[in-house]
Amino acid sequence: MKSSVIVFPGSNCDRDVAVALEKLQFKNSMVWHKDTELPKSDLIVIPGGFSYGDYLRSGAIAAKSNILTEVIDAGKKGALILGICNGFQILIECGLLQGALLRNSGLKFISKNIFIKVQSNDNNFFSKYKRNDVLKLNIAHNEGNYFTNKKHLKELEDNNLIPIKYCNEKGNIDIESNPNGSINNIAGIFNSKKNILGMMPHPERMIDKVLSEEDGLGLFSSLMN
Amino acid sequence: MIITKDQIKAHGLKEEEYKKITELLGREANLVELGIFSAMWNEHCSYKSSKIHLKKLPTKNDIVIQGPGENAGVIDIGDDDAIVFKIESHNHPSFIEPYQGAATGVGGILRDVFTMGARPIALMNSIHFGSPENKKTQNLLNGVVSGIGGYGNSVGIPTVGGETKFNSTYNENILVNAMAVGHVDKNKIFYSKAKGVNKSVVYVGSKTGRDGIHGATMASAEFDENSEEKKPTVQVGDPFTEKLLLEACLELMKDKSIISIQDMGAAGLTSSSVEMASKGKLGIELNLSEVPCREKNMTPYEIMLSESQERMLLILDDKKENAAKKIFDKWDLDFVVIGKTTDTNRLVLNYNNKKVADIPITALADEAPKYERKWAKSKISKNKIKVKELKKIKIEDALLRILSSPNHSNKSWITDQYDQIVMCDTIQKSGGDSAVIRIHNKEKAIAISVDSSANYCKADPKSGGKQIVCENWRNLISVGASPLAITNCLNFGNPEKPKIMGEFVECIEGMKEACEFLNFPVVSGNVSFYNETNSKGINPTPVIGGIGLLNKLNKIINMKLKKTNSLIIVIGKTIGHIEQSAFLQENFKIYDGPPPEINLTNEKNNGLAVLKLIKDNLVLSAHDISSGGMLTSLAEMSMASKIGLKIYKPKKLIDSIEYFFGEDQGRYLIEIDKNNRKKIESLLKENNIFSEVIAEVQNDIFEVEKMFSIKVSDLYNSNNQWYHKFNAIK
Chain A
1 MKSSVIVFPG SNCDRDVAVA LEKLQFKNSM VWHKDTELPK SDLIVIPGGF
51 SYGDYLRSGA IAAKSNILTE VIDAGKKGAL ILGICNGFQI LIECGLLQGA
101 LLRNSGLKFI SKNIFIKVQS NDNNFFSKYK RNDVLKLNIA HNEGNYFTNK
151 KHLKELEDNN LIPIKYCNEK GNIDIESNPN GSINNIAGIF NSKKNILGMM
201 PHPERMIDKV LSEEDGLGLF SSLMN
Chain B
1 MIITKDQIKA HGLKEEEYKK ITELLGREAN LVELGIFSAM WNEHCSYKSS
51 KIHLKKLPTK NDIVIQGPGE NAGVIDIGDD DAIVFKIESH NHPSFIEPYQ
101 GAATGVGGIL RDVFTMGARP IALMNSIHFG SPENKKTQNL LNGVVSGIGG
151 YGNSVGIPTV GGETKFNSTY NENILVNAMA VGHVDKNKIF YSKAKGVNKS
201 VVYVGSKTGR DGIHGATMAS AEFDENSEEK KPTVQVGDPF TEKLLLEACL
251 ELMKDKSIIS IQDMGAAGLT SSSVEMASKG KLGIELNLSE VPCREKNMTP
301 YEIMLSESQE RMLLILDDKK ENAAKKIFDK WDLDFVVIGK TTDTNRLVLN
351 YNNKKVADIP ITALADEAPK YERKWAKSKI SKNKIKVKEL KKIKIEDALL
401 RILSSPNHSN KSWITDQYDQ IVMCDTIQKS GGDSAVIRIH NKEKAIAISV
451 DSSANYCKAD PKSGGKQIVC ENWRNLISVG ASPLAITNCL NFGNPEKPKI
501 MGEFVECIEG MKEACEFLNF PVVSGNVSFY NETNSKGINP TPVIGGIGLL
551 NKLNKIINMK LKKTNSLIIV IGKTIGHIEQ SAFLQENFKI YDGPPPEINL
601 TNEKNNGLAV LKLIKDNLVL SAHDISSGGM LTSLAEMSMA SKIGLKIYKP
651 KKLIDSIEYF FGEDQGRYLI EIDKNNRKKI ESLLKENNIF SEVIAEVQND
701 IFEVEKMFSI KVSDLYNSNN QWYHKFNAIK
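Chains A and B are the protein sequences, given in the same order.
Per our numbering, the first sequence starts with residue 1, numbered consecutively.
Per our numbering, the second sequence starts with residue 1, numbered consecutively.
These are computed hints drawn from the structure, not numbers from a lab.
By construction, the Cβ of each residue, glycine as well, lies at the ideal position given by its N, Cα and C atoms.
Treat the hints with care, since some could be wrong.
Pairwise CB distance ranges (calculated) [stated by the list, open to error]:
1) A:TYR55 / B:ASP343: 42 to 52 Å
2) B:GLN138 / A:PHE147: 21 to 31 Å
3) A:ASP158 / B:ASN322: 56 to 66 Å
4) A:LYS27 / B:ASN617: 20 to 30 Å
5) B:ASP79 / A:ASP158: 17 to 27 Å
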């Protein structure tokens, strides 16, 4: 399996996600944002960080970069695309995913471990998990408060396009366990073909026993299949 | 044009200092030159009051690669790995403009570390605010915390801990000290010393604006009611450009094109160019018309004194200019040759083909004033506080009062605003005795701790200076690390006052003794004087940032209790020294009396014994005993793990308040397996280490036999409320 990690000026989780991909034996390349050609890849990852300093609006400038034209093309042709944190924001800004990521409801940057519940595993990203699995992952963002209109929200819910929702340790999806005010506790969404996933939590931060638990590994091993 | 007395004063110089300037120049200075002298000769840049005392500190041993005098200190941690680290203050700017002041404090210290070729791997901080009742405190706290987070999160360096304290002494002078730690191959360290004549001097990074002009001069003076007007002297941070500059510099450093490199920190282009030339015993000639400016019509004076952030000065190998420019182009950063090195030993500045300044380099650096200021011995109170004469207080109430106080409350409200995990090498984040960061791709880690004890230093500066080095040492040991070296940030009032200068001199004396005894050298640091408003100075607040090494990742310990039925041993003797304790301060507002005594021999023996037990896999968890005494530390272990403790009833020999809340030094709590008790006790006895089994681990109840019992969740709740209540929208 070949993967590409797109690097923007200001990306800062690019190395972290490359470590995760290589741990799972992906043949990974780092792709600079000014490049105009994407290496042949089964998986494209848009990593977290502060592309262009989050100036103007998180993800807005990165969405207009050279390489994004290629990423959009590949996504439309069915390539797997994973956007984490700032990557999720970029996927929304470039139109591959719908909705908006607003400022956290608490108006502060939040960095902490949270729990998410797997809502569906009939897809390429979560197949190694079971439905209703509760995962502990780390979040670190200022704008992770997902919002969308009623019609789109219904579409997401009706078509299993919300693979993960914030929950508590026991798996209850409630207001108290929602860290940022996301509508319906949404932690990540798919496009309608489920080849593009945007998620706020960082799976690459939970893959190493020395540092943490390993709840993020399943996502990368699902993608390896 | 003749320089007037008012101009001299406005530049923070004394008249006799200006007289010396004219002697060194052999003529009157012009305004540009006056500005340059003021920037180089102010306290912040010249260390004129502190230099002769700082020299007393031990700065060398066999692991020190670079001591004070460079952008940061460097120590050897084996296998060609070196750690670059430094702590620095950004106190004055942060009081005037908390967000930008704190943010640029972080930015500045990061540049100090990556200038030396190191990739920053962790940020720490020590922040001090006025009393919570002071109406400025909430705004300052919020601004500083979001500034620290805003900068570190964006650059992508984990902020993994530090300390936050409140005391009315900081009402008008908050402290913001930031520490950065980086990792470098010890064969690829870069220095600021210029070498070679006629080499290109290159300006890289952000453009120069009008922000921060006279920042260093402002930071070398007291505040008064008009300090708000100093806002324009505060720099504005741009973490995005910092990230680009970091990556561009590290990319350029892969080969040897850089001869010397210096970041433009305090006093901007002035101090960076003078320092490079001075260290290389060279001259430097700059064409200021070439300096990339953000604003129109900037004068040579403004260009030389601007403290715009995210800028660096490089001296490059002749043949490497094109390759270097390509790298900076890739990262969309300015890269401009603005001058060359010369053999004249002079700083010569040209602007629009006119010479605007010409100063001997030695006049700016070596000839900067050095003062042996008068100092007075501190008066040490010998008063004893008799606990029995105080109003009776229940032990559990006193404990809860301490745990719920601003200074002891859980700080996750703050640390949840910092990305602590980015870079994916954080083994232990904030909340423990030390942060632990793995060296990327290696089977080893470093421990980092930042500490201060201003109350102790106020009561007895020398003893306090010793104590704070020891506490730092203890915190590193408590995670299983061998302490290696420290950086210090010395925050004091106005050094022109003998009392303040005395506090400074005595604190240094204490630190020196402890550092020498523990073989714990000082490799970098910073002095911040004039933390004073309307003639009221802060309590002496030296802050220590220490680094320890963990050679094996499986020998890392934390303070979380591991299993029921194991035992808790206290290492080190408990006498019950109650003066200057959190118990007296939080419950009775009593600040009188001497701080606890430091016995360096016990300190070292106890610490090394704990380290040995950890390395022999005999310790399940460990925590040092510090502010709040033994009972507070036991409660902290319980809260960290949400597991309870049954603490044995203390023997009648000591008053139970003094026993539980006394702050005797050199003590640790360790959790051990019951089956190892005999082995451990005999090991400790062999080494003449005092120890005592004082508690056993049990389910969720925290109790002292026959005295009180409380649910761990209740302890936890009382420890977790203060910040949320304080910052709830009012």
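Practice task
Could you tell me which of the hints above the structure violates, numbers in ascending order?
Solution key: 4 and 5
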